[in-house]
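Engineer: Spelled out, the chains give:
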Amino acid sequence: MENCIIKNENLSFVYDDEGTSVSAVSAVIPPALDDVTVSIKKGEYIAVLGHNGSGKSTFAKLLNMILKPINGRVYIDGKDITCEEFTEDEMFEVRSKVGMVFQNPDNQLVATVVEEDVAFGPENLGLPRAEIRKRVDEALDVVGMAEYANHAPHKLSGGQKQRVAIAGIIAMKPKVIIFDESTAMLDPLGRREVLEIMEKLNREDNITVINITHYMEEAARADRVLIINDGKLLLDGSPREIFSKVDFLHSIGLESPQGTELLFELSSLGYDVPTDAISEDECYDALKTLLGKGGKLA
Amino acid sequence: MNKLEIRNVSFIYGKGTPFERRALDDVSVSFESGKITGLIGHTGSGKSTLVNLLNGLYKPHGGEVLLDGVSIWDKPSEISKIRYRVGLVMQYPEYQLFDETVRGDIGFAPRNQGLSESEISERVAEAAKFTGITDEMLDKSPFELSGGQKRRVAIAGILAMKPDVLVLDEPAAGLDPRGRREILGGLSEYVKQSGITLILVSHSMEDMAYYCDNVVVMSDSKIYKAGTVDEIFSSAEELEKIGLDVPVISKIAARLKADGFNLDGKLYTVEGVKDAIIKYLGGSGR
Amino acid sequence: MISDITLGQFFPGNSPIHKLDPRTKLLLTVAFIVAVFLANSPLAFFSLFLAVLTLVLASQISFKVILKGIKPIIYVLIFTALINIFMTRGEGEPLISFYIIKIYKEGIIRAFFMAFRVILLIIGTSVLLTYTTSPISLTDGIESLLSPLKKIGVPVHVFAMMMTIALRFIPTLIEETEKIMNAQKSRGADFSSGSLIKRAKALIPLLIPLFVSSFKRADELAIAMECRCYRGDKNRTKLVKLSYKPKDFLWFAFGILFISLMIALRIIPQHISGSISEELFNFLFFKI
Numbered sequence: 001m002e003n004c005i006i007k008n009e010n011l012s013f014v015y016d017d018e019g020t021s022v023s024a025v026s027a028v029i030p031p032a033l034d035d036v037t038v039s040i041k042k043g044e045y046i047a048v049l050g051h052n053g054s055g056k057s058t059f060a061k062l063l064n065m066i067l068k069p070i071n072g073r074v075y076i077d078g079k080d081i082t083c084e085e086f087t088e089d090e091m092f093e094v095r096s097k098v099g100m101v102f103q104n105p106d107n108q109l110v111a112t113v114v115e116e117d118v119a120f121g122p123e124n125l126g127l128p129r130a131e132i133r134k135r136v137d138e139a140l141d142v143v144g145m146a147e148y149a150n151h152a153p154h155k156l157s158g159g160q161k162q163r164v165a166i167a168g169i170i171a172m173k174p175k176v177i178i179f180d181e182s183t184a185m186l187d188p189l190g191r192r193e194v195l196e197i198m199e200k201l202n203r204e205d206n207i208t209v210i211n212i213t214h215y216m217e218e219a220a221r222a223d224r225v226l227i228i229n230d231g232k233l234l235l236d237g238s239p240r241e242i243f244s245k246v247d248f249l250h251s252i253g254l255e256s257p258q259g260t261e262l263l264f265e266l267s268s269l270g271y272d273v274p275t276d277a278i279s280e281d282e283c284y285d286a287l288k289t290l291l292g293k294g295g296k297l298a
Numbered sequence: 001m002n003k004l005e006i007r008n009v010s011f012i013y014g015k016g017t018p019f020e021r022r023a024l025d026d027v028s029v030s031f032e033s034g035k036i037t038g039l040i041g042h043t044g045s046g047k048s049t050l051v052n053l054l055n056g057l058y059k060p061h062g063g064e065v066l067l068d069g070v071s072i073w074d075k076p077s078e079i080s081k082i083r084y085r086v087g088l089v090m091q092y093p094e095y096q097l098f099d100e101t102v103r104g105d106i107g108f109a110p111r112n113q114g115l116s117e118s119e120i121s122e123r124v125a126e127a128a129k130f131t132g133i134t135d136e137m138l139d140k141s142p143f144e145l146s147g148g149q150k151r152r153v154a155i156a157g158i159l160a161m162k163p164d165v166l167v168l169d170e171p172a173a174g175l176d177p178r179g180r181r182e183i184l185g186g187l188s189e190y191v192k193q194s195g196i197t198l199i200l201v202s203h204s205m206e207d208m209a210y211y212c213d214n215v216v217v218m219s220d221s222k223i224y225k226a227g228t229v230d231e232i233f234s235s236a237e238e239l240e241k242i243g244l245d246v247p248v249i250s251k252i253a254a255r256l257k258a259d260g261f262n263l264d265g266k267l268y269t270v271e272g273v274k275d276a277i278i279k280y281l282g283g284s285g286r
Numbered sequence: 001m002i003s004d005i006t007l008g009q010f011f012p013g014n015s016p017i018h019k020l021d022p023r024t025k026l027l028l029t030v031a032f033i034v035a036v037f038l039a040n041s042p043l044a045f046f047s048l049f050l051a052v053l054t055l056v057l058a059s060q061i062s063f064k065v066i067l068k069g070i071k072p073i074i075y076v077l078i079f080t081a082l083i084n085i086f087m088t089r090g091e092g093e094p095l096i097s098f099y100i101i102k103i104y105k106e107g108i109i110r111a112f113f114m115a116f117r118v119i120l121l122i123i124g125t126s127v128l129l130t131y132t133t134s135p136i137s138l139t140d141g142i143e144s145l146l147s148p149l150k151k152i153g154v155p156v157h158v159f160a161m162m163m164t165i166a167l168r169f170i171p172t173l174i175e176e177t178e179k180i181m182n183a184q185k186s187r188g189a190d191f192s193s194g195s196l197i198k199r200a201k202a203l204i205p206l207l208i209p210l211f212v213s214s215f216k217r218a219d220e221l222a223i224a225m226e227c228r229c230y231r232g233d234k235n236r237t238k239l240v241k242l243s244y245k246p247k248d249f250l251w252f253a254f255g256i257l258f259i260s261l262m263i264a265l266r267i268i269p270q271h272i273s274g275s276i277s278e279e280l281f282n283f284l285f286f287k288i
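Chains as they are written, first to last, in the working numbering: chain A, 1 to 298; chain B, 1 to 286; chain C, 1 to 288.
Because the hints were derived from the structure by calculation, they are not lab data.
Don't take each hint at face value.
Each computed DSS-like pair below joins lysine-lysine, with the alpha-carbon atoms no more than 27 Å apart [what the hints assert, rightly or not]:
no.	chain 1	residue 1	chain 2	residue 2
1	A	K175	C	K238
2	C	K179	A	K155
3	B	K75	C	K179
4	B	K59	A	K155
5	A	K173	C	K241
6	C	K201	B	K162
Computed beta-carbon distance windows for the label pairs [what the hints assert, rightly or not]:
no.	chain 1	residue 1	chain 2	residue 2	range
7	B	D68	C	F159	50 to 60 Å
8	B	G62	C	I73	35 to 45 Å
9	C	V158	B	E136	42 to 52 Å
10	A	K200	C	I197	55 to 65 Å
11	C	I197	A	R221	52 to 62 Å
12	B	E136	C	R199	31 to 41 Å
13	C	F159	B	S116	50 to 60 Å
14	B	E136	A	F248	26 to 36 Å
15	C	I73	A	G126	44 to 54 Å
16	B	G62	C	L203	26 to 36 Å
17	C	R117	A	E131	43 to 53 Å
Some chain B residues close to chain C (C-beta under 7 Å, calculated; not the full set) [claimed, not checked]:
no.	residue
18	N55
19	L57
20	S80
21	R83
22	L88
23	M90
24	Y95
25	Q96
26	F98
27	F108
28	A109
29	N112
Computed from a predicted model, the values in this text were never measured in an experiment.
Where a beta carbon is used, it is the ideal one built from N, C-alpha and C, also for glycine.
Can you build the whole structure from these sequences, using the hints too?
Structural biologist: What follows is the structure, given as structure tokens:
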């Protein structure tokens, strides 16, 4: 419990017609999130997979109090953020601890100059000017956008805008950053840039990263994968455990990495291959062994 | 006969201003009927510009866009007729929905074409069929639908024009694997039945390898390479040279081949590599 | 293409005017506008002209750009000048008399000063503000100048935030408009021909998607702002703090001096200033 940065117990949420939360569980509208219990350790790199509308974004928004659960408890850094006595000041403290980067880079940049946008969070926290300056410069450095500090955001590429958005979150010095499909609208280059920053933050600054995505190859790089389907937490395990369940993933409309899929197919035809290889190298090794043996049937 | 052909086309943004930028430089390529041609390349390689030239949204600064051998700019006043024949589905097309009902929205283009009400409803029904839109959805407001459903309505809105050529810019962007399969599978079924020319722009090499017959690779405002999907994906190094990815499965297959395993077949899809391995091992599996 | 339109008229630079605090420039602009309307004698106009010339030279904005800025209003200027020339009745004999058209000396004088006043007004304000101040520092300046109003409950911060966000999203919305237009054109929509009613109707497929997506953007932006701990101006600090520098005070002094001069010229007994004007005018236009 001590080293859990996020802990949920029996978390449930229901949207009403207007898209806001309702006070009681309704029989008509299916819950967006249904009885989810999960603990996330400090410094973990987590991927959340699920198809569109599975409830994974709702899950994220419950973690920084954008939405309030109708049932269950959320603990951030040991504090119960769902208790009644939670004050507004405490709420903003939670939001500065749990940062969030969204899908559409355009819709999260506020200012007309890159560095002023990065400063937006620290400004809201009421930090002294010198500290804001320092954080803005550091954050832009981390995402490699320092030379664009005085540019207008609308002139940047999608990947660059998203990096500015990340800098804006880093500048608040969060302990957790949630990436809510932050790579979905980017081209492969932009996606790679964002993914690299994500992993660097996790590795070097020990920031807990939660990457909500539907790219299997991104999830395969995480320490741990959560699979949410129809509001329920279906699977929770290492990428290796999750992606070897090829059949199960297909049944809920998801996929495994191509190499794993191939090994699964071969194995189900009776060939002697491991089915828990997920990286390109592992799959290559497995297939090389198979071909080298001349394909002895299991 | 190739329905659509591009001959020596050039296009320059901001022509005549200090901000001139050449987006297409003497590009020639043709698209086969009844086939799916993939268009790949980096952001800024010129593929979006090319797409906008195909149905006359942009006018080339040099060269010609030929539809059935006739330049689409022969009669500039009739360019809207060209747009019915070359259907263009833009990126994130769900943003173009506006009508009160899904039915009305899909019928927007046929109505502009001046078709009769009975023809319009026939077209709407057919387009809905291929995009998996149910009768119940047709009477809803498009704004009540989910993201993936909206996408399909937008695509149906173009299919309803019964174009000879259909161009789609990243039709599956942002969708989950199931959503991707539904849309791309539906389109490839449509091509099989109608025999139209389909041009697919995508960053997903896996989708390209799986659904396309031919591939055109663009780089630096020019055609870098064009050929069948076999030809393009069998030379993975060349694609990587211009910074494009290849499907993971073809990377693995290429490494196995380099080790001396003589694999043969469609080494760019999971199915293809599986078949090749089974063949190499001399059996049908069991 | 519409997306090529540059936002506002800001020309980045490093001139003394560029470097002034936006508040200084806003206040000087107000003073300048007052001065322009105080001016009613040739001497006053001559002083105004000198002031504007100083501003233009100090801003290092090219004369070509300045002239371009006047171009759009040239027809309005000609029109008002003509009205003044034809409609003003003078005391003496008309200079030109042709049927009912009678042109008096007073009419010409008035037309000339009216045009001169508008031209000076436009050049002065654009050099002081729009050409040399970025939209963001303009917003900061306005917020800071209006901040005393907070005490009486005016939501100054909210207005400033709205302005910033509007400035941020104008290019995005222009891009989006172009995109939706192209999408609807691809479905056979025609935005450029037909009767007025037909054209207005053709805008529906453009405007509805634009509204829908703007609301979606607003919604997402609001959530993103909340995630970044936005809570209005409560407890908020700023990265860029406006601060007056010695040179700002120098310019203020100029401003005060100048406006006093204009007031002085205005209250000098009418017959003195009047006769000076007449002589100057005669000298300028009739003796040469």
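Engineer: Now, for every hint given, state plainly whether the structure supports it.
Structural biologist: Results of checking the hints against the structure:
The straight-line distance between the Cα atoms of K175 (chain A) and K238 (chain C) is roughly 23 Å, inside the 27 Å bound, and the hint therefore holds. For the given pair, K179 (chain C) sits about 16 Å from K155 (chain A) by alpha-carbon distance, which is consistent with the 27 Å threshold. Taking the CA atoms of K75 (chain B) and K179 (chain C), the gap is near 24 Å; set against the 27 Å cutoff, the hint holds. This hinted pair checks out: K59 (chain B) and K155 (chain A) have alpha carbons roughly 25 Å apart, not beyond 27 Å.
The suggested pairing of K173 (chain A) with K241 (chain C) holds, with an alpha-carbon distance near 22 Å, which does not exceed 27 Å. Only pairs whose Cα atoms come within 27 Å are accepted, and K201 (chain C) paired with K162 (chain B) is accepted, the gap being roughly 25 Å. Taking 50 to 60 Å as the suggested C-beta distance range, the pair D68 (chain B) and F159 (chain C) conforms, at roughly 58 Å. For G62 (chain B) paired with I73 (chain C), a C-beta distance near 39 Å keeps the hint of 35 to 45 Å intact.
Evaluation of the 42 to 52 Å hint for V158 (chain C) and E136 (chain B) yields a pass: the beta carbon distance comes to about 44 Å. A beta carbon spacing of about 58 Å between K200 (chain A) and I197 (chain C) agrees with the range 55 to 65 Å that was offered as a hint. Under the hint 52 to 62 Å, the C-beta atoms of I197 (chain C) and R221 (chain A), about 58 Å apart, fit the expected range. A C-beta distance of roughly 35 Å is found between E136 (chain B) and R199 (chain C), which places it inside the suggested range of 31 to 41 Å.
Range check, F159 (chain C) to S116 (chain B): about 54 Å between beta-carbon atoms, so the 50 to 60 Å window is met. Checked against the given bound of 26 to 36 Å, the beta carbons of E136 (chain B) and F248 (chain A), roughly 30 Å apart, stay inside it. Between I73 (chain C) and G126 (chain A) the C-beta distance comes to about 46 Å, which sits within the given range of 44 to 54 Å. In this structure, G62 (chain B) and L203 (chain C) meet the distance hint of 26 to 36 Å, their C-beta atoms being roughly 34 Å apart.
Look at R117 (chain C) against E131 (chain A): about 50 Å separates their beta carbons, and that is inside 43 to 53 Å. Annotation: interface hint on N55 (chain B) holds; nearest CB of chain C at approximately 6 Å, less than 7 Å. Checking L57 (chain B) against chain C by beta carbon gives a least distance of about 5 Å; that is within 7 Å, so the hint holds. Restraint check, S80 (chain B) versus chain C: the minimum CB separation of about 6 Å is within 7 Å; hint holds.
Satisfaction of the interface hint for R83 (chain B) is found here, the shortest Cβ-Cβ separation to chain C being roughly 5 Å, below the 7 Å cut-off. Annotation: interface hint on L88 (chain B) holds; nearest CB of chain C at approximately 4 Å, less than 7 Å. About 5 Å separates the beta-carbon of M90 (chain B) from the nearest beta-carbon of chain C, less than 7 Å, and the hint is met. Against a cut-off of 7 Å between C-beta atoms, the interface hint on Y95 (chain B) holds, since the closest Cβ of chain C lies about 5 Å away.
Of the supplied interface hints, the one on Q96 (chain B) holds, with its beta-carbon coming within about 4 Å of a beta-carbon of chain C, less than 7 Å. This hint holds: F98 (chain B) has a C-beta 4 Å from the nearest C-beta of chain C, less than the 7 Å allowed. A cut of 7 Å between beta carbons decides the hint on F108 (chain B): the least distance to chain C is about 6 Å, and the hint holds. Evaluation of the A109 (chain B) hint against chain C yields a held restraint, the C-beta minimum of about 4 Å falling below 7 Å.
Interface hint at N112 (chain B): satisfied, since its Cβ lies 3 Å from the closest Cβ of chain C, which is below the 7 Å cut-off.
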